[in-house]
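For this one, chain A is given, so just place chain B on it according to the hints.
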Amino acid sequence: MLDNPAKPLVSVRDMKMHFPIYAGLLRRRVGEVKAVDGLTFDVMEGETLGLVGESGCGKSTAGRAVLRLYDITGGQIEIDGREIGDTPQSQLRSMRPTMQMVFQDPQASLNPRMTVEAIIREPLDEHTTLTPMEKREKVAELMDAVGLNRKFASRYPHAFSGGQRQRIGIARALALNPKFIVCDEPIAALDVSIQAQVVNLLEDLQEKFGLTYLFISHDLSMVRHIATRVAVMYLGKIVELAERETLFAAPLHPYTKALLSAVPEPDPSLSRNTNRIILQGDVPSPSNPPQGCNFCTRCPAVMDICKQVEPEYREVKPRQFAACHLYNET
Amino acid sequence: MPDATLPVLDVQDLKTVFKTRAGEVHAVNDVSFYLQKGELLGVVGESGSGKSVTMMSLLGLLPMPPAEIRGGRVMFEGQDLLTLDPKGLRSVRGARIGFIFQDPMTSLNPVFTVGHQIAEPLRKHMGMSKKQAAKRCAELLELVGIPDAERRLHDYPHQFSGGMRQRVMIAIALACDPQVLIADEPTTALDVTIQAQILELMKELRDKLGMAVIWITHDLGVIAGIADRVMVMYGGQVVEHAPVYDLFANPQHPYTSALLKTIPSISGKRAARLTVIEGQPPLVLGAPTSCPFRDRCAQAMPVCATKVPPRYDVGDGHDAACFLVAPLEVAHAG
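In order, the protein sequence lines correspond to chains A and B. For the first sequence, position 118 (counting from the first letter as 1) is numbered 118 according to the numbering used here, and the numbering increases by one without interruption. For the second sequence, position 217 (counting from the first letter as 1) is numbered 547 according to the numbering used here, and the numbering increases by one without interruption.
Just chain A, with the same shape it has in the complex (with noise of 0.2 angstroms):
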């Protein structure tokens, strides 16, 4: 394992999504939402990074931003080759094919208006050259692909239940051969017992399609099961990230072990037994993060360094990065 033969498909460098705020009666700009502040990471040809965190911490926005939907602050993004951090939006459009986003809620994303096999069929429309006979085609093999029967191919959204529209979704994903997907919370709308038939047709088609994913979920047990690697963010930036055995054995960061110890586990016998720690406070604003280390106002194991210097995020141990000032002695 020491010599990697697996090359980044995708490399993140210091990259940064900031949000203005406008107030007052000129709408000045009186501040920003750093929702993505520096974030530095790459995920291998093949493999699942696994990227959480809580609501707000800025894990979908990153996901977004690496598929540059929006138009980015700093950084660089580099995606099968290309640089894409600054390319302007429309010659982007030629690069779209490769990666590819699958939405959190299937019912926002559908829209109601179109049939599976035109919303499934839309990005082959606009990126290809198809005959309409090799479009329907290629569109009941996808739908065969996420297992939905091809004989609904002209119904609308609302006839399929959550786990169908989601499979829609992915299909239509899948439409135009991607390499590098984006998840984006995939699961979180879904039953317990629909959630495990997703997952489990995300991992099939990265088998059979040779995909990368960004997967990003605030469910660490998931997570567990699905990625290769996870990052965990908190307020816009990576506190930690490491191999998932790695991650979910060892964590280094305090954040970390608070987060996996949060997590209720399905078994009174353990559950009850586990001595959890219980962080006190909330999250701060992103608008107005705290000096220093983002996570010092709720640390259980803050040191005064930490509400002054920001902590460098490095290689603590061999592939296994962090943030914080509690590895920073040496």
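By construction, these hints were calculated from the structure, which means they are not laboratory data. Careful: at least some of the hints might be erroneous.
Below 30 angstroms or equal to it, Euclidean Cα-Cα: the simulated BS3-like pairs (lysine-lysine) are [stated by the list, open to error]:
1. A:257 to A:317
2. B:599 to A:7
3. B:599 to A:317
4. B:599 to A:257
5. B:367 to B:538
6. A:208 to B:591
7. A:307 to A:317
8. A:257 to B:533
Short derived list, chain B residues pointing at chain A, Cβ under 7 angstroms [what the hints assert, rightly or not]:
9. 551
10. 592
11. 596
Sample of chain A residues with no beta-carbon within 12 angstroms of chain B, all distances over it, derived [as the list claims (entries may be wrong)]:
12. 14
13. 23
14. 24
15. 38
16. 70
17. 71
18. 76
19. 112
20. 126
21. 134
22. 135
23. 136
24. 210
25. 318
26. 321
Cβ atoms here follow ideal geometry from the backbone N, Cα and C, with glycine treated the same way.
Okay, now just chain B, sitting in the frame of chain A:
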């Protein structure tokens, strides 16, 4: 005549239907359960399993029509709640039975201060003066762990974070010292670290105040952490009911065991592939005539299609509505 062994709440054969254009949806089918003083009953089920509708039915919170309560008894403090007129129900609801809803943003009124909203049940049900109520409000906010309580009474809901708002909801529910607290997915909209705070708070409050709690959730992890007894619902029916340790160690209904297997564990062994329950949860149109889980059950038998399985006792306060655990003669008779 209060009797320590009598349950505080006793629900028998509750039946609720919704009249829709597509037909009658039987959302709650002969649901029976009881609640002892001071215990926490967990109710687990997926969306559409009837868990929320059951609780709304017994509190008279469903819009009628389209809803209709077809039968059953809800005994609370010696009276049947289903026979009470709206005025009588109102004197119970929010006073003797408190409730907390899922979304703390939509269940608080944005145009009134938090203090006003906590005072409302106090003034209505307990006839307190403004001054008394204000004092009690501050106590309540302190009880649920909101710092600087007295000052925050004058704040509006938008000035609180999600976790803090849910604490306010809990304070409102607790205002009149209820016997029973019904919490409907109270932590679902919250982040895990905030959820951990609220769960810790609920455990503390229950020990301190000794009330009985019904906790509705779809999250088996939450149930494992706080419940004494668990009731699993599916397709509008109670499919399994057991003490919490027993349910997780020894599930009897195929739905419960399948559900336990579909959720990945955070600390245990990592499965190479998740176990799936194929198919969709049912929408029960018309009176049920068979087991609701039959179409998705790996162990379905011919008898499952012919009648609704009753809840069979399997000992130690554990029962399951499945022909697999039925006494032999019943299983073969079908």
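Exercise for review: Compute the least Cβ-Cβ separation between residue 14 (chain A) and chain B, then decide whether it is above 12 angstroms.
Suggested key: holds, 27 angstroms
Review point. Hey, does the residue 596 (chain B) contact hint survive, CB to chain A under 7 angstroms?
Key: Holds: closest Cβ of chain A sits about 5 angstroms from residue 596 (chain B), inside 7 angstroms.
Review point. Does the no-contact call for residue 126 (chain A) survive, Cβ to all of chain B over 12 angstroms?
Key: holds, 32 angstroms
**Study point:** Whether residue 134 (chain A) stays farther than 12 angstroms from all C-beta atoms of chain B, as the label says
**Key:** The assertion about residue 134 (chain A) holds, with a minimum of 32 angstroms to chain B.
**Study point:** Least C-beta distance from residue 38 (chain A) to chain B larger than 12 angstroms
**Key:** The claim stands: residue 38 (chain A) keeps its Cβ more than 12 angstroms from every Cβ of chain B (closest is about 22 angstroms).
Practice item. With a cut-off of 30 angstroms on the C-alpha distance, tell me whether residue 307 (chain A) and residue 317 (chain A) pass. Key: holds, 24 angstroms
Exercise for review: Mind checking the alpha carbons of residue 599 (chain B) and residue 7 (chain A) for me, to see if they're no more than 30 angstroms apart?
Suggested key: holds, 29 angstroms
Review point. Taking the closest pair, is the beta carbon of residue 23 (chain A) still more than 12 angstroms from chain B?
Key: holds, 16 angstroms
Check your understanding: Are the Cα positions of residue 257 (chain A) and residue 317 (chain A) separated by 30 angstroms at most?
Key -> holds, 16 angstroms
Point to revise | Least C-beta distance between residue 136 (chain A) and chain B, which was stated to exceed 12 angstroms | key: It holds; residue 136 (chain A) is separated from chain B by about 27 angstroms at its closest Cβ, greater than 12 angstroms.
Check your understanding: Holds or violated: is the Cβ of residue 71 (chain A) farther than 12 angstroms from all Cβ atoms of chain B?
Key -> holds, 29 angstroms
**Study point:** No chain B beta carbon within 12 angstroms of residue 135 (chain A)'s
**Key:** The assertion about residue 135 (chain A) holds, with a minimum of 29 angstroms to chain B.
The structure agrees with every numbered hint stated previously.
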